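**Student:** Residue-level listing of the chains:
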Amino acid sequence: MEISIGRRIGMAIRKYHMAYLFILGPVICTTIFFFIPMISSFAFSLTEWSGIQPPEFVGFANYQKLILHDRRFIKSLINTTIFVILGQGSGPAFGLISALALNQKVKFRAGFRTAYFLPVMTSLVVVATVWKMLYNEAGLVNFLLKRVGLPTTRWLMNPRTALLSIIVTSVWQGFGFETVIFLAALQAIPKELYEAAMIDGANAWNRFWHVTLPSLRPVIVMIYIIGIIGSYQVFDQIYVMTGGGPINSSQSIVGYLYNNFTYMKFGYASAVAYVLFAILALFSYLQIRFFGQEE
Amino acid sequence: MKKLLVLLSVGLVVVLAACAAPATPVPPTPTSPPGVTPAAPTPPEVTTITLWDYYGTATPFQPEMIAAFEEENPDIRVKYESLDWDAMFEKLSVALTTGTPPDVATVDMTWVPTWAALGGFADLGSFSGGEVNGVPFDEAFTAGSLEAMTYEGKIVTVIEDFDVYCLYYRADLFEEKGLEVPTTWDQLVEVGQQLAEDTDSDGVPDKYLYGYWPDPFRWAQFLYENGGEILNPDNTEAIFNRPEGVEATQFFIDMVNKYRIAFDIGEEEAIPPIKDGRIVMYADGPYMMGVMKDGAPEMEGMWGVALHPYSVQRGSYLGGTGLVIPARAANKEAAWRFIEFAMRVDNQIGVYKYSGAAPGLKAALESPEVSVPDPYFGGQVTLPLFLEATETAHHFPYVRQWNEMYDIIEEAVTSALLEEKTVQQALDDAVAEINALLAE
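Those protein sequences? They're chains A and B, same order as listed. Quick note on numbering: the first sequence equals residues 127 to 421 in this note's numbering. Quick note on numbering: the second sequence equals residues -1 to 438 in this note's numbering.
Please keep in mind that the hints were generated in silico from the structure rather than gathered at the bench. As the structure is a computational prediction, the values presented were derived from the model and not from experiment. One should not assume that every hint holds.
If you anchor each label on the Cβ, the simulated ranges turn out as follows [stated by the list, open to error]: (1) B:ASP106 with A:LEU271: 36 to 46 Å; (2) B:TYR78 with A:ARG133: 58 to 68 Å; (3) B:PRO373 with A:ILE355: 56 to 66 Å; (4) B:GLY127 with A:GLY356: 39 to 49 Å; (5) A:HIS195 with B:ASP213: 20 to 30 Å.
In this text, a Cβ means the ideal position worked out from N, Cα and C, and glycines have one as well.
From just these sequences and the hints, can you work out the full model?
**Tutor:** Below, the structure is given as structure tokens:
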């Protein structure tokens, strides 16, 4: 005998009513504060809307302008991609190197671990403000460069160095997180694997390449997914350190979105948000598809 | 189990109810024992108005001023909320959008174009009858201020303090070196070169300079002084790439790159380079008098103020702080009563007294409490100079695209300053972009 869907739902509710009741609150909150705004935002992205006057439906014109004609958006997309590539190219590497070092029997290991993790715990705005002072014309960075006879510059006011300076700050601030995650993963690798490799004559490099790295694969995938998603949403440190300047040389996608918000172009800003969403969804899909499937 | 379910359901309802907006306050009703008729008359219904203020602790809306207003208006209570300048912009943007704005807010006059063009502010003419405290608007404010307060024939804001740029200069150094305060651009270069010093012998002067940020406020000073304009009279086309605009921008960047008399202050605030002697001249508004007194009190007597040197004519941007009533405010009449109270001479003097800024009301500016010799500026009576500067000042164009135009102009000027583009190319690109925006 076939059971109707309605009846099946009824049976499920009767069976799991307590569980449904417990998740009711979070579901309502998520729907109100997450899904409805998301759907509304997509609807707004199809309009020209100042927030005060009624929205005017423009179809996909915002997307068309954004992708085909808006050089500022393209610039912010390129900047953000550079931020992601350089930041994710170096941050996790520093995290892995420091984790490998801390995984040895070094003195003051706990102290080092705390020191590496301290910037992660510090507010990004505070970190950015301190680094802004370091990069100042009369700041520590230029002082040290002058002492060793190297040329100085106004790091955050030079279009060639502004973005790079922010990346250095971001990597410094963030790699402690990767260190701690990698360290935990390294300590979970069974010692037997290393013993077996040594019996087979594997040297240190071979043990790292054939034992450590494959064992860390799920963690690496997780770190890159979190890292890339987070990096594409970079905003705070750029807002504090350069405001996206000079000449848009450090503007990010979220910074550009924010600017459109201040221009009272809510429809256009929503379209920027959805393009960012599409980029993140694509990256997440590709990473899980190619690197994380078997995990 | 049923009990648990009921308990959880009640809990959920309570949580959701707690999330709901508070009910509109109802005026307190006097209670009396049954059968006894109350002798006292029913108190008037109390309206609470919300005031959002970005002045901070140096606000002219001091608790005593608000208390005096409430005493005089027992039917109105003021809910005062202090916000940062940045936070105000964001919060008011959201509030105007969602229809939950305050009844009165302080706004930077440069924000007015966008919001006024979108119909975000109430027409104050409809409450005021064209007068503030019985004085017609055109007598209460200077012509420049009144123009800045007006959008498409409607008064959309009342200017609480005005901002117009004059030249701040180190009077002690000028005296020591026997220099006259420059009145023209040529003299500015001449004096600047006599003042500038290269302390680290790298060929670039680094002390006793004219300091500026390459933003539209400072750039517009030079544009106007050279006879240029940002937009044409009907605000449909950008025209600052015309010869007078190109010349002005060229001079603006040549002060740094060619004459070596100026420097871009960059990411710093003004006070550190003022204190360490990198800045000995700069253009800014009257609010800086208060900032300098707070930030560099040890420099008392060392500074002077003069009208800014010009090329063809005097000119400056005109801005400041305005008081607005949002179009969707709940208590507009009560809000206007508060604005009128704030615009009384005594309360406007508080703008100078507490904020160190220039009161918007002419009568307050001319009062003996405000136009007094200022020991910080060597006993100079400074505010009349700023008042004089308003006569030739221009507010930024009243178009809804102004915020975006601001960023485009800043980018163009910075590109020219950093020699990424020629002045003509930078301005042409910016004009093309702005014209496309205006055409939307």
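**Student:** Against each hint, give a clear statement of whether it holds in the structure.
**Tutor:** Outcome of the hint check:
At roughly 38 Å, the beta-carbon separation of ASP106 (chain B) and LEU271 (chain A) lies within the given 36 to 46 Å, and the hint holds. Restraint check, TYR78 (chain B) to ARG133 (chain A): a C-beta distance of roughly 60 Å satisfies the suggested window 58 to 68 Å. In this structure the supplied range 56 to 66 Å holds for PRO373 (chain B) paired with ILE355 (chain A), their Cβ-Cβ distance being about 58 Å. Roughly 57 Å separates the CB atoms of GLY127 (chain B) and GLY356 (chain A), a value that falls outside the hinted 39 to 49 Å.
Distance hint for HIS195 (chain A) and ASP213 (chain B): a CB-CB separation of about 27 Å, consistent with the stated range 20 to 30 Å.
Checked against the numbered hints above, the structure breaks only hint 4 and satisfies the rest.
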